[in-house]
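Peer 1: Letter by letter, the chains look like this.
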Amino acid sequence: TAGKPKLHYFDARGRMEAILWLLAAAGVEFEEKLIESSEDLDKLRHDESLVFQQVPVVEIDGMNLVQTRAILNYIATKHDLYGKDMKERALIDMYTEGVADLGEMIMLLPLCPPDQKNAKLTLIRERTTNCYLPAFEKVLKSHGQDYLVGNKLSTDIHLVELLYYVEELDSSLLANFPLLKGLKTRVSNLPAMKRFLQPGSQRKPPGSEKSLEQARKIFKF
Amino acid sequence: MSGKPILHYFNGRGRMECIRWLLAAAGVEFEEKFIEKPEDLDKLKNDGSLMFQQVPMVEIDGMKLVQTRAILNYIATKYNLYGKDIKERALIDMYSEGVADLGEMIMLFPLSPPAEKDAKLTLIREKTTNRYLPAFENVLKSHGQDYLVGNKLSRADIHLVELLYDVEELDPSLLANFPLLKALKARVSNLPTVKKFLQPGSQRKPPTDEKKIEEARKVFKF
Chain A
1 TAGKPKLHYF DARGRMEAIL WLLAAAGVEF EEKLIESSED LDKLRHDESL VFQQVPVVEI
61 DGMNLVQTRA ILNYIATKHD LYGKDMKERA LIDMYTEGVA DLGEMIMLLP LCPPDQKNAK
121 LTLIRERTTN CYLPAFEKVL KSHGQDYLVG NKLSTDIHLV ELLYYVEELD SSLLANFPLL
181 KGLKTRVSNL PAMKRFLQPG SQRKPPGSEK SLEQARKIFK F
Chain B
1 MSGKPILHYF NGRGRMECIR WLLAAAGVEF EEKFIEKPED LDKLKNDGSL MFQQVPMVEI
61 DGMKLVQTRA ILNYIATKYN LYGKDIKERA LIDMYSEGVA DLGEMIMLFP LSPPAEKDAK
121 LTLIREKTTN RYLPAFENVL KSHGQDYLVG NKLSRADIHL VELLYDVEEL DPSLLANFPL
181 LKALKARVSN LPTVKKFLQP GSQRKPPTDE KKIEEARKVF KF
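Respectively, the protein sequence lines represent chains A and B.
Just so we're aligned: the first sequence equals residues 1 to 221 in the UniProt record's numbering.
Just so we're aligned: the second sequence equals residues 1 to 222 in the UniProt record's numbering.
Quick caveat, the hints were computed from the structure, so don't treat them as lab data.
Every residue, glycine too, gets a C-beta built ideally from N, C-alpha and C.
Accuracy of the hints is not assured; some may be wrong.
[Said to hold, decoys possible] If we take Cβ atoms under 8 Å as the criterion, some of the chain A residues that face chain B in the derived model are: (1) SER49; (2) ARG69; (3) ASN73; (4) THR77; (5) ASP80; (6) LEU81; (7) CYS131; (8) TYR147; (9) ASN151.
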């Protein structure tokens, strides 16, 4: 187990899943320590492993890294998934943040009060079809290359993860975006991703009422 | 044109202020094009200047960059405010994100419904005194250096000091028990570039008041 990153989170996608995808795409084996109760979280806090008392936390290369973006940036840099220079990084960051914005809306939908759910879902659909997917389709169309930036795999991983979630929400949302569908297939067929997408991998299933209840208990909200 | 970055936003702090601070601290002169009515924003959208139809947007080095973090990361890298290696970057990112989390709560506070305001303020105070300020005070205490990372000014110090000014505006007593943070605030404020930015007449924006919120609501339609 020496040297493998250790991921501390509860047993659901939440804010850790993007990190799983990136590690998997980079071909990095990792371990998971699942937080199953609020006592588990308290223990991490008392151990002083959590700078801001929050998870995700990833033990990696002698550091206890918290904050999803800090973790993702480190992994991407370490494994050459962050472009070749400053300007490529700027594009990658721009695209990654757009993915994160839509991803956040989708992730938080189950937490929405029942009387607001329909309105939220309508908003998500609208933003998906009118803003985010067209923006990324346009990038691919503009250069005709296989990947979003610099003709090399990078933030494509985050976008493809998002496309899977959009598809789970409503597969028809992807209908008019042929280049995105092509990217999704291409990235899914990379050997490391193919393995990760198969049953039995560390990839987490969609959230359920049960996992939401567990989250509420552990994180007390 | 002149080669100066051009910042597109409304005439208020919002999500652009941290970018103004970083550019100012780096000694970079910049121009601002203010969005004053919905039509101004529509024009930018229709021009194709806004990848996700949102501002902030910064024209810099031939790019039209959107997304606050993308813009900050680029500026920090370009002006050597992002640490010397991958591990320093990780620490800087970690601290910057913590600052952003508390900063977001403070920024959104004026927008909370009146019935929720007291509870929100209590939460902000609690997180400030029990979570965020102690975390940063501990970092400075752990190494005894003048700056958060690598004994050198980085974006993390600039973002944190901006936050400390925001906290002070909310309630100066919140900073009371954090001597190292107060020293950092004084130290960074005395850097020539930051000193200039903190003086009246600079491009720093005043605190957001009711009038400013109304203006934002009109321009951004929320």
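Peer 1: Does A:LEU81 pass the interface check with chain B, least Cβ-Cβ distance below 8 Å?
Peer 2: 13 Å, violated
Peer 1: Against chain B, with CB atoms and a cut of 8 Å, does the hint on A:ASN151 hold up?
Peer 2: Where the cut-off is 8 Å and the nearest Cβ of chain B is about 18 Å from A:ASN151, the hint is violated.
Peer 1: A closest beta-carbon separation below 8 Å is what the hint needs, so does A:ARG69 meet it against chain B?
Peer 2: 6 Å, holds
Peer 1: Identify whether the interface hint at A:SER49 stands, where standing means a beta carbon of chain B within less than 8 Å of its own.
Peer 2: It is violated, given that the least Cβ distance between A:SER49 and chain B is near 13 Å, above 8 Å.
Peer 1: Given A:CYS131 as an interface hint, is its Cβ closer than 8 Å to any Cβ of chain B?
Peer 2: 6 Å, holds
Peer 1: When the nearest CB of chain B is found for A:ASN73, is that gap smaller than 8 Å?
Peer 2: 5 Å, holds
Peer 1: Quick check on A:TYR147 please, does its C-beta sit within 8 Å of some C-beta on chain B?
Peer 2: Check failed: Cβ of A:TYR147 comes no nearer than 17 Å to chain B, outside 8 Å.
Peer 1: Minimum Cβ distance from A:THR77 to chain B below 8 Å?
Peer 2: 5 Å, holds
Peer 1: With chain B as the partner, please determine if A:ASP80 meets the hint condition of a C-beta pair closer than 8 Å.
Peer 2: Violated, about 11 Å.
In the structure shown, a violation is registered for the earlier hints numbered 1, 5, 6, 8 and 9, in ascending order.
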